[in-house]
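Student: For the protein sequence lines, the chains are V and X, in the order given. FYI, the numbering used here numbers position 265 of the first sequence as 265, with every residue one higher than the one before it. To get the numbering used here, take the position in the second sequence, counting from 1, and add 1000.
Honestly, the hints are just simulated from the structure, not real lab data. Treat the hints with caution; some may be incorrect.
[Stated by the list, open to error] Pairs of lysine to aspartate or glutamate residues, derived as DMTMM-like cross-links and limited to a Cα-Cα distance of at most 20 Å, are as follows: (1) K1150/X - E215/V; (2) K271/V - E1200/X; (3) K1193/X - E1208/X; (4) K268/V - E1197/X; (5) K1299/X - E215/V; (6) K271/V - E1300/X; (7) K1193/X - D1203/X.
[Claimed, not checked] Beyond 12 Å from chain V on every Cβ pair, some chain X residues (computed): (8) T1052; (9) F1131; (10) E1292.
[What the hints assert, rightly or not] A short, non-exhaustive set of chain X residues, derived as facing chain V with CB atoms under 7 Å: (11) L1064; (12) A1080; (13) A1082; (14) S1151; (15) A1154; (16) I1162; (17) S1176; (18) Y1282; (19) A1286; (20) A1287.
Every value quoted in this text rests on a predicted model; they were computed, and no experiment measured them. In this text, a Cβ means the ideal position worked out from N, Cα and C, and glycines have one as well.
One letter stands for each residue in the lines below.
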Amino acid sequence: MSDKDKSQLQRPTDQISVFVKRKRTLTLVLLGIATIFTISVMVTDYSIIDGFDSIPKAIAWMIKNFIPDQKAFSRFPNILSKLIETALVSVAVTVTAAICAFFFSLLGTKTTKINPWIGRVVRIIAAFFRNVPDVVWAILLLFTFGQNILTGFFALFFYSFGSLTRTFIETIDEVSAACVEALHATGATYLQIVFQGIIPSSLPQIVSWVLYMIETNIRSSTLIGVLTATGIGALFDMYYKRMDFGSAGLVVLLIVISIIAIEAASNKIRKVIM
Amino acid sequence: MSNLIPAYEGVLQSDSMLTQKTSTSISLELQRFMKKTHNGKIKTTARSKSGTVIKLTIVVLVALTVYGFLTFDYKNIDLAAAVSGTFNNIKVLFGQPHLKYNSMFGALKALLMTFCLGVLATFFGAIIGFFGALLCAKNIAKPAIAGVVKSMVAFIRAVPSILWVLIFTVAAGLGSVAAVIGLTFHSAGYLIKAYSESIEEIDSGTIEALKAGGASYWQIIIQAVLPSSISYMVAWTFLRFEINFTNAIAVGAAAGAGGIGFDLFMAGNFYFDLRELGSITYIVIAAVILLELVATKVKERVK
């Protein structure tokens, strides 16, 4: 048999084997997922029936108990002032972290770094701050700062600083490589390159990331609040543990409204600037 | 002529090549589009809507920050002492880790528990997310249903996951069920949005062609929607898993849901043992970095 005949004979089996192969990978992936799922169920002692059972129960319970009552509305001014405080903390954290992260990230990008070693160190420091969970910072700061607004502020600051540094490095590398080269060619100084090239060209992305970080921080600050007894999280926790569910429901409602409002506003801004 | 544009007198006069007529018409044209500062410099950047919005956003954010710093209730904290104390604590935390209340094996078991909580929440979230995305992706869903699903999802996403966990603790009792279902709610909301956005990016021609060929709804989903968006979906799912893992730590600490987060909470807020906290933190950091590496690898392979 010549080679040509052989290849003609083999073609159909090849085509089948593609399907067989695809089926085999699919079965393997599904089996892998099923195994991990079963192990997870066993390790966490999770009951699937209880899980599904709890959803309607919880929703019924929420509807029955979470409707804000008269007492809850009398607490409205207090809740609102805590909510505004929490929102302000999130904005302040994000803006301060963004300013620090911007100048820090200039040392870490490919286009503006002073030397490769500093660049590497900057990336490692950013990875460190990004990967230590904010829970650890919150517990750690609780020792020295106590139940203070600054505990939540710094706990959120470290994580925001780490992740904003990373995204800024990526953004600057992506957006401004060409314009930095062009400015270099004209003999611009380092500061001129930063202020005339990098900031204008990457500002829309940076603002968009900052807005995203504010959204994330408002959510996390609720959690940090539960842990460190500050802000709106602590208020929810207190009402909840006192079984004053009407007030807790009002807290949840106000959090939801403020987060949806902030999300809508930042989506609007993003649509215009990007 | 010099009355028209005094700042350009010199330029135009030296440019004797241009005839009087054309130079006038050019300068009129220029004058209409050119913006100048008060001392005669030409502005090189055009005023655009996006530029104004960016400036406005930054001004508002900075103003809010300054206002916040001025009005926060600091409770007369001794900042210098607190900061230097924190630095000392950080030194102890990362410099002298030890395990006294947990064994290494126990800590790793707790880590596995947290990992599994994250897996379960991501698993359920991905299943709900997929079917939810089919109901609200613009190109395959009915607009009326899509609207309802989207507003429900917006609500679910707006409630922080710690609140869901606390709420479910009452309905399902303390333990893994509350943690998993609580985390699932937020994951599902997030993944519905992410998946539906990846479905919306599919080339509309593919779906139309299958429709014209008489394919049923599920045939379209399995033959067109899944193959062309699966890589995005896997990437999003892994991203969410990373988030769920850190959330599971947080929820373990704040809602007593078990796992390594609970150990963190006990070490810090119950035993007040910084060294114990440090060693658990090291374990957590190692796990998170490992996870990030695996996620990057998986994303590369799927693409």
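Student: If a hint holds in the structure, say so; if it does not, say that too.
Tutor: To see whether the hints hold, each was checked on the structure:
no.: 1; hint: K1150/X - E215/V; result: holds, 18 Å
no.: 2; hint: K271/V - E1200/X; result: holds, 17 Å
no.: 3; hint: K1193/X - E1208/X; result: violated, 23 Å
no.: 4; hint: K268/V - E1197/X; result: holds, 17 Å
no.: 5; hint: K1299/X - E215/V; result: violated, 26 Å
no.: 6; hint: K271/V - E1300/X; result: violated, 30 Å
no.: 7; hint: K1193/X - D1203/X; result: holds, 19 Å
no.: 8; hint: T1052; result: violated, 9 Å
no.: 9; hint: F1131; result: holds, 15 Å
no.: 10; hint: E1292; result: violated, 8 Å
no.: 11; hint: L1064; result: holds, 5 Å
no.: 12; hint: A1080; result: violated, 11 Å
no.: 13; hint: A1082; result: holds, 5 Å
no.: 14; hint: S1151; result: violated, 10 Å
no.: 15; hint: A1154; result: holds, 6 Å
no.: 16; hint: I1162; result: holds, 4 Å
no.: 17; hint: S1176; result: holds, 4 Å
no.: 18; hint: Y1282; result: violated, 10 Å
no.: 19; hint: A1286; result: violated, 9 Å
no.: 20; hint: A1287; result: violated, 9 Å
Hint check: violations occur at hints 3, 5, 6, 8, 10, 12, 14, 18, 19, 20; the rest are consistent with the structure.
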